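Undergrad: Below are the chains, spelled out letter by letter.
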Amino acid sequence: MNTHDHKVKANKEPRPPKACGWMAEFENEHDLLHAAEKVRDAGYTKTDAFTPFPVHGIDHALGIKPTVLPFIVLCAGLTGLCTALLMQWWMNGVDYRYIISGKPFGITPASIPVSFELTILFSAFTTVLGMLALNGLPRFSNPVFTNPKFDRATDDRFFLYVDSSDKYYNRESVRELLSSVHPASLDEVVEDATPSELPRGILLGSLLLVLAGLIPAAIVLNMRASFSDLPRWHVFFDMDFQPKKKPQQTTTIFKDGRSMRPQVPGTVSRGQLVAEDPFYLGYDPMKVAALGNDKQVYVSATDAPESFFQPPVAGDGGTALNLPWLDKLPIEANEANIKLGKVKYETYCSACHGYSGFGDGLVAKRAASLGQDTWAPPTSLHADRVQKQPVGQIFHTISKGQGKMASYASSITTEERWSIVLYVKALQRSRNAKIEDVPVEQRSSLTDAPSTPAN
Amino acid sequence: MTSKYDLETIELPNKWKASPLFTGGLILLVIGAVLGLFVRGQEAGPDAELRFLSHSYLANFMFVMTIALGALFFILVQFVARAGWSTSIRRIAELIMWTIPILAVLFIPILVMVFTGRSFPYEWNAPDQIHSSVIKAKIDVGYLTKEWFTLRSVLYFALWSAMAYFFFGHSRKQDESGDVEHSLARQKWSGPCIMIFALSVSFAAFDWVMSIDADWYSTIFGVYVFAAGMMAFFATMILISIALQNAGKVKAFITVEHFHDMGKFMFGFIMFWSYIAFSQLLLYWYGNIPEETFWFAVRLKDGWQYVAYALIPLHFAIPFLGTISRHVRRHRTGLTFWAVWAIIVHWLDMTFLVMPNAGPLNVLALAGHFLGGLGMFGIFLSFFLMRASKVPLVPMKDPRLPEALTYANPIL
Amino acid sequence: MASVTSSYNPREIDNTGEIPGRRAPLITGNQTYSSVTEMVCRVAEDPQPRIWWLLFGMSSLTAVMFLGLIGFLIYKGVGIWGNMNPVFWAWPIVNFVFWVGIGHAGTLISAILFLFRQNWRTSINRAAEAMTIFAVICAAIYPGIHVGRAWLAFWLLPYPSLNLWMWPQFRSPLLWDVFAVGTYASTSLVFWYMGMIPDLATYRDRAKTPLKRFIYGLLCLGWTGSSRHWLVYEKAYTLLAALAAPLVLSVHTVVSFDFAVSQLPGWHTTIFPPYFVAGAIFSGFAMVVTLLVPMRAIYKLENLITLRHLDNMNKIILATGSLVGLAYGTEFFMAWYSQNQYESFTFINRAFGPYWWAYWIMVTCNVISPQLFWFKWFRTNLLGMWIVSIFVNIGMWFERFVITVTSLSRDFLPSSWGYYSPTLYDGLMFFGSFGVFLTLFLLFCRYLPTIAISEVKGVMSASDHADHVQAAVAAELQGKDPHAAHGHGH
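Line order of the protein sequences matches chains A, B and C. Its first residue numbered 1, the first sequence is counted upward by one per residue in the working numbering. Its first residue numbered 1, the second sequence is counted upward by one per residue in the working numbering. Its first residue numbered 1, the third sequence is counted upward by one per residue in the working numbering.
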């Protein structure tokens, strides 16, 4: 093989080729090693061997020191490990905390797989790129390629090279030394005769490519900076156009053309069972229509007021809402229920209404002392009109609120509310007790005059 | 002409032949037991001391048994792979393997615990104290009963001893004749033996260690115990080789390349153990199923959590970084240090598997248990020496010995 | 020692057996360095045999069909597959695990066998690594397309996004997969490429046309064979092998975590990581045998990829197949031992439920067929081993199918049970992935060095050297004068 087309064309005057050193060719690795030792012993250091495979012992024969690559890779691996741990800790533990089946945030055993992989990834890429960098590769132009005999360096021949930049280099003495080991051939290495400047065509081509590469970015910038009346390109529809029907749309499936359909008879909505049961309402909704109340009464779970934004109507509670209240307790009036009612009353109600129900709780006292006009004092439970209220109405008051009093339905369960009603009735009875209510044995311990209610 | 391969260098040093390791080991075992006896377990239990002792003995037994099993596996693999590099160290491994029949004797105290109806170390052995239907089912079908447990244990030892006898026997016969048929016979049978080994070691691990907590199960458990044993085996072999060379023996036979390779194997099994241990932990932690996590829960309280957390740096991170460098693996002092480290941390690992079921961590008791472990290791080494005093330390007529003496790790 | 076993193929020499103490030659036929170069370079330099064109035509058509079906899938949606409640993971994930598993053999041969100093790996590692790359490409396609909106698959990556305002969920094994398979693909790629650099230099130096010289010259980065470069290269190779070894274990471990971190019976078991890795190596080696047995015959490489190489690979197939069988046995035992009714039901259901046919195919192909490799005849007969390797891969596909589908189709609540059937598209796409795989492999054979030329030469040199040194030591052991001993030839 005599011709090599390393460059496309040589249109300049070829310079005289520069000599770089001597290359000796050997037929097997043993001769090479032998020669390399001689060269090393003669003091040359800018030497190299070229072999089709790594020859065992060549590092010793030429005096080549071990590479620093392992340490670089170790550092890279540790970097990968830290990066992975930091990334997971910050992304999933700090910045956007996913709650995944109660597992702790931050670093857990689940963080290990990704950490391991990134360690390996960083290490592996550093190994390869580090190897290339330490070897100075890629390097496409190399004087050793000039001689066609060198092609066999990747086949079956072994070459020994002494570079002219070595401090002891002398053209004649090196040639003599190499001849003395009887190589298969001995040639001087010269640089390629073709010009080393980049042809103008390549420069022009690269420039055009770079400019062409800027075009998409320019288009995007233009799009961002400009306005358009046209709708956007919608490439991925995702679930934007769904074949389902929205309310108020027409359809051909039903004769009346409506996609919204009335409820099937017997449909029960959420909470409706609760909404119809007097146990949960305090009144029987089935009897409401019979009352002929001219006020709008909403028979629903929320029993909403007239306007969404208006609070429920304050007042005496007796006429504003004329509902068929339950007048019989739906729970058993036994000691357990009264005890429960007492506990709940004292927890939730006594703050305003006082322990005895006179409306002298601590909150009421405090509010009264502040003297602001936004406060409505809590009703005394022993007032006449409250005494006359059926149990269902008291229940309704607790459940829905009245005036300043909010609804307690979310804090107290239905059964507990009824037990509070029972306890309130017991409290009221205690202010209206007759002598017959006292057991016979205890009557004598009573004082003569029965006490009057506080207000 | 005197050669560095003289026969004198392959004999056990004379002063080792009458070594006090056995008596010394026994004494340590007793001292450790006595120390443990003076410690009351924190839970009120009638047999707290005996419970502690039986668990301690089992843990220490597993500590040395896994090393001997590691030796057996090593031998099997060397023949399946037709390896040459290991020939000069193989006799040492064979001698470790050849302690298996004697270690069967050391298993007897555990069988005594089983046959006297104790609920420790195995809770299934006292069926009237069991409330778990899971364990009851296994007892009722006959799997976890003292008869079948014993039968299976006897079977394991029989199989392992038969394999050890076969491989050691052929090795010794080849010492006389140099006949290649002995190598070929071992090559031929090594494959089926590996299959038997894998099955028997898995089930031995299930029976001897996993059934301590008879409600718990983990399919990877056999692999875990195997991996732990392999690491400790290579560490043991390194220590024995270095000790022999320091006594002036086998200097020419065990080269720096062998140490490099044994170090590589030890490093590899540190990684492999870590991988298996982590897999088991991650899967049970992630699934978070109480039937599976309670084993870890027991080991993450009452003081054992310190052992659990300590195992991560001690059994993985530190020895991993310590033995990662080829320079350390080719350097005798460094290798000695890490081999001793590996053996101690293997003891800690076996302790971690067995002891938490005996009760909360008690430092004094653990110290006694450690002395027991030292004692057990001493006894184990004395068995090794007993076997080693009668045979050459290198299979001189093995046809692959020249390969072992001349191979080299690649350039770098 | 070497005998001609095959009367119709004079190149086939049986070097599987050896007398202990005398290593059988790894390369047969009295090769020299230049004859090795010639044998391997000829594959790319000579015009391709007709069978190459035939296979390439069929495989590229299949690959085009696959790409078309992917387009159809993206257009129509994943409803074209059979995935349905309760089996939401079916063929696509099975195919993914199948291909990823196959990829493991290449890295194992390159890295782990390198660390064990198994010199016979040098003849097969290049083709095996190529197989790995192509298998991982086929594997990686599936997770990308089986998400509902494939065009948003990039959301899996932790890139800062003003649009998304969230990060991937690192506690999910599916995300660990992204990192594991991504790392594996890129690391295998650079490992394969780095290994090819010296051989691409050989191709460059033998190139007869300027275009070939330019392209191979570009690809080999100007490699000269300099010893200083070789030393750094060898160190890098060792480091990469040391990194790739745990990597290959970790990748299929992470894939097994996809299943094992769940709570499904049959999925949630601790032995999955090593069991999956063993299974991956098992199927990978089988695929290597499937590819290499025809390849070495077509390209007349029998002297480099000898019967010993195939024999060793078959032994590894036997070993890993037995490991898989051991894992089956352990799982089965534990299903009883755990007394967990769901676990034991799962295993009974696998064997006798509606998918019993898949289970028994799996057992026959995975546990029984590799046991044939106890017999030397099967290990050394080309047709016998090729058939077994096909069965092994069928079995491993069915294993992933049985694991995935049976546990999903019948889990805790009987009212949720359902039977899964694949659709035509499931099958066609799986078939199509083979087209991609084979097309890439055929292109590899045509254009790239199929055998690691420099590594083979290195091994030849080392074994020559070793023979001489060993002979001297053997003589010394026997008390003879070491310098009088003759070296052993092949």
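Hints in this document: simulated from the structure, not taken from any laboratory. Just so you know, these numbers come straight off a predicted model, no measurement behind them. Some hints could be false.
[To be verified] Capping the alpha-carbon separation at 35 Å, the derived lysine-lysine pairs in DSBU-like fashion look like this:
#1 A:K255 - C:K76
#2 A:K255 - A:K328
#3 A:K38 - B:K17
#4 A:K18 - C:K315
#5 C:K315 - B:K397
#6 C:K208 - A:K46
#7 A:K149 - C:K212
[Said to hold, decoys possible] FRET-style restraints, in silico, Cβ to Cβ:
#8 C:N85 - A:W375: 42 to 50 Å
#9 B:D179 - A:S179: 34 to 42 Å
#10 C:R446 - A:F71: 53 to 61 Å
#11 C:F116 - B:N246: 38 to 46 Å
#12 C:R50 - B:R330: 48 to 56 Å
#13 B:T150 - A:F71: 21 to 29 Å
Quick reminder that beta carbons are idealized off the backbone N, C-alpha and C, glycines included.
Undergrad: A separate judgement is required for each hint: does it hold in the structure or not?
TA: Hint check results:
1. A:K255 - C:K76: 33 Å, holds
2. A:K255 - A:K328: 50 Å, violated
3. A:K38 - B:K17: Between A:K38 and B:K17 the Cα gap is close to 52 Å, so the pair fails against 35 Å, i.e. violated.
4. A:K18 - C:K315: With a Cα-Cα distance of about 57 Å, the restraint between A:K18 and C:K315 is violated, given a limit of 35 Å.
5. C:K315 - B:K397: The hint holds at about 28 Å.
6. C:K208 - A:K46: Satisfied, since the Cα-Cα distance of roughly 33 Å is no more than 35 Å.
7. A:K149 - C:K212: Distance of about 19 Å is within 35 Å: holds.
8. C:N85 - A:W375: 42 to 50 Å: 59 Å, violated
9. B:D179 - A:S179: 34 to 42 Å: 54 Å, violated
10. C:R446 - A:F71: 53 to 61 Å: With Cβ atoms ~41 Å apart, the hint is violated.
11. C:F116 - B:N246: 38 to 46 Å: The hint (38 to 46 Å, Cβ to Cβ) is violated, given that C:F116 and B:N246 are roughly 29 Å apart.
12. C:R50 - B:R330: 48 to 56 Å: 54 Å, holds
13. B:T150 - A:F71: 21 to 29 Å: Violated, since B:T150 and A:F71 (Cβ atoms, about 56 Å apart) do not stay within the stated range.
In summary, the structure is inconsistent with hints 2, 3, 4, 8, 9, 10, 11 and 13 from the numbered list given earlier, while agreeing with the others.
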